[in-house]
Amino acid sequence: MKRLFGMTGEEASALAAATAAHLDIVVEALVVAIVIGVPLGILATRSKAAERVVLGLANVFQTIPSLALLGFLLIVFHGQIGKPPARAALVIYALLPIIKNTILGLRSIDRGVTEAAVGMGMTAWQRLMIVELPLAVPIVLGGVRVATVSAVGMATIAAAIGAKGLGSYIFRGVSLSDVRMILLGSIPAALLALACDAALGEVERALDPKQPKHSRIRGSLASIAVCILLGFAAWGWWNDLPQRGGRATIVIGSKDGSEMIVLGHMLADLVEAHTPLKVDRQKFNLGGTLVCYNALKRGGLDVYVEYTGTALTTILKEPPQNDPKAVLERVREGCARDGIDCLDPFGFENTFALLMRREQVEQLGIRKISDLRAHVATIRGGFGPEFMNRPDGFPGLVQAYGLHFEQSPREMDRNLLYQAIAQKSIDLGAGDSTDGRIAVFDLVQLEDDRRYFPPYEAVPLVSAATLRRHPTLRAALNRLAGKIDAATMRRLNHEVDGKHRDPAAVAREFLRDHTLLNVKTTP
Amino acid sequence: MFVFVPEGQRAIGNHNRVHSSTPTDEARNRKILTIPFLSRGPFAIAMSNDSAAGPSAVAWRGVRKAYANGHEALRGVSLEVARGELVALLGTSGSGKTTLLKTVNRLIEPTSGEVIVLGKATRDWDPIALRRSIGYVIQDVGLMPHMTILDNVALVCRLRGVERRARQARARECLALVGLEPSRFESLAPHQLSGGQRQRVGVARALAPEPALVLMDEPFGALDPITRRELQEEFDALRRRIETTVILVTHDIREAARLADRVALLDRGNLVQCGTFDELRDHPASDFVRAFLQETTALGSSDPEDRS
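Chains X and V are the protein sequences, given in the same order. So the first sequence is numbered by our numbering: it starts at 1 and just counts up by one. So the second sequence is numbered by our numbering: it starts at 1 and just counts up by one.
A portion of the hints provided could be inaccurate.
What the hints assert, rightly or not - A few chain V residues that don't get close to chain X, going by computed Cβ distances all over 10 Å: (1) Ala66; (2) Arg75; (3) Pro127; (4) Arg132; (5) Tyr136; (6) Ala166; (7) Glu181; (8) Leu193; (9) Gly202; (10) Asp224; (11) Glu234; (12) Leu238.
To be verified - Cβ pair distances, simulated, as ranges: (13) X/Ser108 / V/Ala68: 25 to 35 Å; (14) X/Arg216 / V/Arg184: 15 to 25 Å; (15) V/Ala66 / X/Pro65: 26 to 36 Å; (16) X/Ile75 / V/Gly70: 31 to 41 Å; (17) X/Leu194 / V/Arg184: 36 to 46 Å; (18) X/Pro134 / V/Lys120: 41 to 51 Å; (19) V/Asn69 / X/Asp197: 32 to 42 Å; (20) V/Ala66 / X/Arg216: 21 to 31 Å; (21) V/Ala68 / X/Pro39: 51 to 61 Å; (22) X/Ile217 / V/Gly195: 32 to 42 Å; (23) V/Ala68 / X/Leu241: 35 to 45 Å; (24) X/Ile228 / V/Arg123: 52 to 62 Å.
Calculated from the structure, these hints are not laboratory results. Glycine residues also receive a C-beta, built at the ideal position from the N, C-alpha and C atoms.
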């Protein structure tokens, strides 16, 4: 327990800043949603057709799964990551409750009040401003409250596209299977939701003319709470403003997963040690290849690490190839067209690896995948669902090597495979070639002698414009070229995944051990 | 048509009198319900000064109202209401009395025929200006729940751009006029008042801008018999003093008899008979009039007040 909540001062202030950034994006989104939603709600009460259109659209928006919406918004925002698309997503989700409650609030106004207002000679505008909106405010605020609470939750997902906030703790915690980090993100988020709910609930009650008034103390406490929350949000907003002066900063991002985070820290450390640049590490652990690549294209990121095979198939949308050199060349050409430089590979591949127990491999004399053909009668396979179904997974493997296993393989969770092989539940599985558990369970990767699996070499992608602006950057980033083999990467991953060590510390330790940070020892 | 105008109420035509003293201090020093109405004071509504417009406050001329579904709410009604007169529009529900009333402040537009209000056809009036010139009291009262009693009464003056201090003074005056002591009631919220008190505020609100004409749609219909009786009596005294024209919609023949100078009886969109209550009772124009008065009187004998 002590490890859960014992925080260093630095950690605590980082958490406070993340909470403020979180609240800031929620407040900004709600302000926009109110500015858009209330007029739309008013419009909907003026005509049946408008109501159908407005409510229909708001309902449709509400049903879009959040990740799909974020993905869609990345396209709309041309790959820009961070606050703008995340805020837009929150606005879209906040619209429905606000529009609905505006309509409800306007509709629930007593018929007599409306008739009196018309009869005494109010113009439509006066009716709206003097009578209808003030009377609808408590109900509209109810909608704002619902929207706020769900936006606090939703804003955690925004970390997937690089928005600051508590979500980055949760995502990183999930990637690193670090319970403490997940709690560090989710407990403040839950408290924030409760605080917003309670504070807005009090304001709502205070504004309702029909509710009995509470004691003054309670009212002032609520106003103080609202002010504190808004002040906190303002602090988050201030922190997010682009810093003027000081050292020039570049943004290094990373895809999700501990391997990517460790590599991101390594590149960042190298840049800070060998160039005058400062590195922004806030955009680590982004959700997906295209998020990172489009951000790089747009200038939201300056550097991130990609696998060549993924770049070829996912980014360039070309069929897989087997020759690592050819793939790297194709990726270099393709990226260059987007103004992106593909630097030199680090020296390891993270590809599918067919894994077996060391003792069984030695006993049967198996070294290569083609050696399996002699044992198709006895070997029991087990694969993750993705591998089982991808054409470049199991079906292709069977064809390429002519492996017709007599027992059809078991489909199981990819994360359980390593242990299942070690415990002899299965004999053969497909894992990630750099997964730390290969070493932990003493498994052996069979050689892909026919180069069936496309090469997935890890390589830094850098914005060409950034390289031109900072001539020392290329050399700093290329210091890692050829320095990390698969076994090393496995060990580093295990430090993070297995031993729950801080990825930044693991990265720094590696660089120190290889004297890569030392300015005098040029490689 | 014979227009009955009670003696002494024609004085309302004299509307060019300029009021010079401040209403506030005067009002404060007087007892409730004895304040003279500051007719044609600073809040008075600009009425048509054209004497050629004739003496009538409202004149309906062949007013028809037909709806798209073929229902005919009004089938050619002609009626004149003289300045200073109180005319009750009487009839069963569905007789068209409320529809007729709402053609006056253009809440309903007639299909054909015309309505002359304060010397000008309603279609020539800007509806907003027209409504601000007419007091409107409805059964639901319709007080603004988010405003104090004082702000409610001052609301029409606010719409007309009367400066804050002046309109609040006027609102206090009107509260006193309807028997609500301003110091006790002005800062309360509508939901803190009884039904009868709320309707008093409704009347005060209608009177605040010193309208030349007040429309009342079943104003006392939702009140208990005792309160209703009380308000009817007070209103009767009040309106005689302030010399304003009133058109009152009611289905209660006793209310009509008690308050109205003339009664206009409607049936299925037609004006059946118009005259003083005594005329209708003693010389009914048709069997329907006879039956209507008899039935109501019979009902009234067993349950004299509660007819709502």
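Structure-based check of each hint:
1. No Cβ of chain X comes within 10 Å of the Cβ of V/Ala66; the nearest lies about 22 Å off, and the non-interface call holds.
2. At the 10 Å boundary, the C-beta of V/Arg75 stays outside the reach of chain X, the nearest C-beta of that chain being 25 Å off.
3. A beta-carbon of chain X comes within 10 Å of the beta-carbon of V/Pro127; the shortest separation is about 8 Å.
4. Not every beta carbon of chain X lies more than 10 Å from that of V/Arg132, the smallest distance being close to 4 Å; the non-interface claim is violated.
5. Chain X draws V/Tyr136 into its interface by the beta-carbon criterion, the shortest separation being 4 Å against a cut-off of 10 Å.
6. The beta carbon of V/Ala166 is kept farther than 10 Å from every beta carbon of chain X, the shortest such distance being approximately 18 Å.
7. Non-interface call for V/Glu181 relative to chain X: holds, since the shortest CB-CB distance, roughly 22 Å, exceeds 10 Å.
8. At roughly 13 Å from the closest C-beta of chain X, the C-beta of V/Leu193 stays outside 10 Å, upholding its exclusion from the interface.
9. V/Gly202, annotated as away from the interface, has a beta carbon of chain X within 10 Å; the closest lies near 8 Å.
10. For V/Asp224, the condition that its CB be more than 10 Å from all CB atoms of chain X holds, with the nearest at approximately 18 Å.
11. With a least beta-carbon separation of about 21 Å from chain X, V/Glu234 lies farther than 10 Å from that chain, consistent with its non-interface assignment.
12. For V/Leu238, the condition that its CB be more than 10 Å from all CB atoms of chain X holds, with the nearest at approximately 19 Å.
13. For X/Ser108 and V/Ala68, the Cβ-Cβ distance of about 28 Å falls inside the hinted range of 25 to 35 Å, so the restraint holds.
14. Remark: the range hint 15 to 25 Å for X/Arg216 to V/Arg184 is upheld by a beta-carbon distance near 23 Å.
15. About 54 Å separates the C-beta atoms of V/Ala66 and X/Pro65, a value inconsistent with the hinted range of 26 to 36 Å.
16. Roughly 55 Å separates the CB atoms of X/Ile75 and V/Gly70, a value that falls outside the hinted 31 to 41 Å.
17. Distance hint check for X/Leu194 and V/Arg184: the Cβ-Cβ separation is about 43 Å, which falls inside the suggested range of 36 to 46 Å.
18. About 34 Å separates the C-beta atoms of X/Pro134 and V/Lys120, a value inconsistent with the hinted range of 41 to 51 Å.
19. Between V/Asn69 and X/Asp197 the Cβ separation comes to about 49 Å, which falls outside the hinted range of 32 to 42 Å.
20. Checked against the hint of 21 to 31 Å, the pair V/Ala66 and X/Arg216 fails, with Cβ atoms roughly 58 Å apart.
21. Distance hint check: the CB atoms of V/Ala68 and X/Pro39 are about 31 Å apart, inconsistent with the given range 51 to 61 Å.
22. Between X/Ile217 and V/Gly195, the C-beta spacing of about 34 Å keeps the proposed range 32 to 42 Å intact.
23. Judged by the Cβ atoms, the range 35 to 45 Å given for V/Ala68 and X/Leu241 is violated: they are separated by roughly 60 Å.
24. One distance hint, 52 to 62 Å for the beta-carbon pair X/Ile228 and V/Arg123, holds here, with the actual separation near 58 Å.
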